[in-house]
Amino acid sequence: EAQVTQNPRYLITVTGKKLTVTCSQNMNHEYMSWYRQDPGLGLRQIYYSMNVEVTDKGDVPEGYKVSRKEKRNFPLILESPSPNQTSLYFCASSPNRDTSNEKLFFGSGTQLSVL
Amino acid sequence: AQKVTQAQTEISVVEKEDVTLDCVYETRDTTYYLFWYKQPPSGELVFLIRRNSFDEQNEISGRYSWNFQKSTSSFNFTITASQVVDSAVYFCALSDGSYIPTFGRGTSLIVHP
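Chains as they are written, first to last, in this note's numbering: chain D, 143 to 257; chain Z, 7 to 119.
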């Protein structure tokens with residue numbers, strides 16, 4: 143089944159403890175991205191990647207890192223999480239680099255709570 | 007800079023009522039794409055429709071219809087004869103090739119039985 147898989151689904155951590163949220167897609171998509179969803183703010187893009195080893199900042203990249211060493215994987219790394227990073231996170235992918243005309247395929251989300 | 011405004015934060019209707027969700031956008035590009043996504047209570051995001059800036063033809067899919075008007079920069083979504091299963095948060099999004107699609111803040115639709 144074609145899908146974007148995120149793990150974990152729920153995560154509770156403490157301030158400063160490094161964590162990684164994994165994202166994997168099995169559709170051979172070139173484009174992958176991370177979003178955070180906060181009440182009243184909609185979805186905001188954190189980072190995106192157009193291909194292996196090519197990543198760039200979205201609208202809200204502060205406090206996050208990503209890597210794209212393989213086409214299928216795009217992990218989101220929080221080196222030192224803070225409470226303001228408590229949010230619902232979504233990974234998304236799209237077939238081509240030019241995403242302007244492509245729909246996004248979303249993972250099922252990761253609810254992160256930083257205490 | 008691109009911008010998407012969904013002025014309706016929450017809409018509450020009774021089943022079988024028609025409801026329209028508004029979406030107003032801003033972009034300087036002449037080529038762009040508009041999208042609607044649905045987020046049911048289970049939390050996943052589901053693609054509903056894509057429309058390019060050169061195609062102003064309205065679209066109907068079952069009880070769902072979309073009205074795209076470039077003159078008013080709007081891409082409104084209407085649900086006819088709403089059902090409880092339509093209860094969800096709906097997001098309008100704009101993409102103009104900048105690799106950073108812009109989403110609206112979402113409209114929460116509550117359909118009461």
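Hints should not be assumed to be uniformly reliable.
Mimicking DSBU-like on lysine-lysine, the simulated pairs with C-alpha atoms at most 30 Å apart in a straight line are [said to hold, decoys possible]:
hint, chain 1, residue 1, chain 2, residue 2
1, D, Lys199, D, Lys211
2, D, Lys207, Z, Lys44
3, D, Lys245, D, Lys159
4, Z, Lys44, D, Lys245
5, D, Lys160, D, Lys207
6, D, Lys160, D, Lys211
7, D, Lys159, Z, Lys76
8, Z, Lys9, Z, Lys76
9, D, Lys207, D, Lys159
10, D, Lys199, D, Lys159
11, D, Lys245, D, Lys199
12, Z, Lys44, Z, Lys9
13, Z, Lys76, Z, Lys44
14, Z, Lys44, Z, Lys22
15, Z, Lys76, D, Lys245
16, D, Lys213, D, Lys159
17, D, Lys207, Z, Lys22
18, D, Lys159, D, Lys211
19, D, Lys245, D, Lys213
20, Z, Lys76, D, Lys213
21, D, Lys159, Z, Lys44
22, D, Lys160, D, Lys199
23, D, Lys213, D, Lys199
24, Z, Lys22, D, Lys199
In case anyone wonders, no lab produced these hints; they're calculated from the structure.
- Give me the numbers of the hints this structure contradicts, sorted from smallest to largest. Hints 3, 7, 17, 20, 21 and 24 not satisfied by this model.
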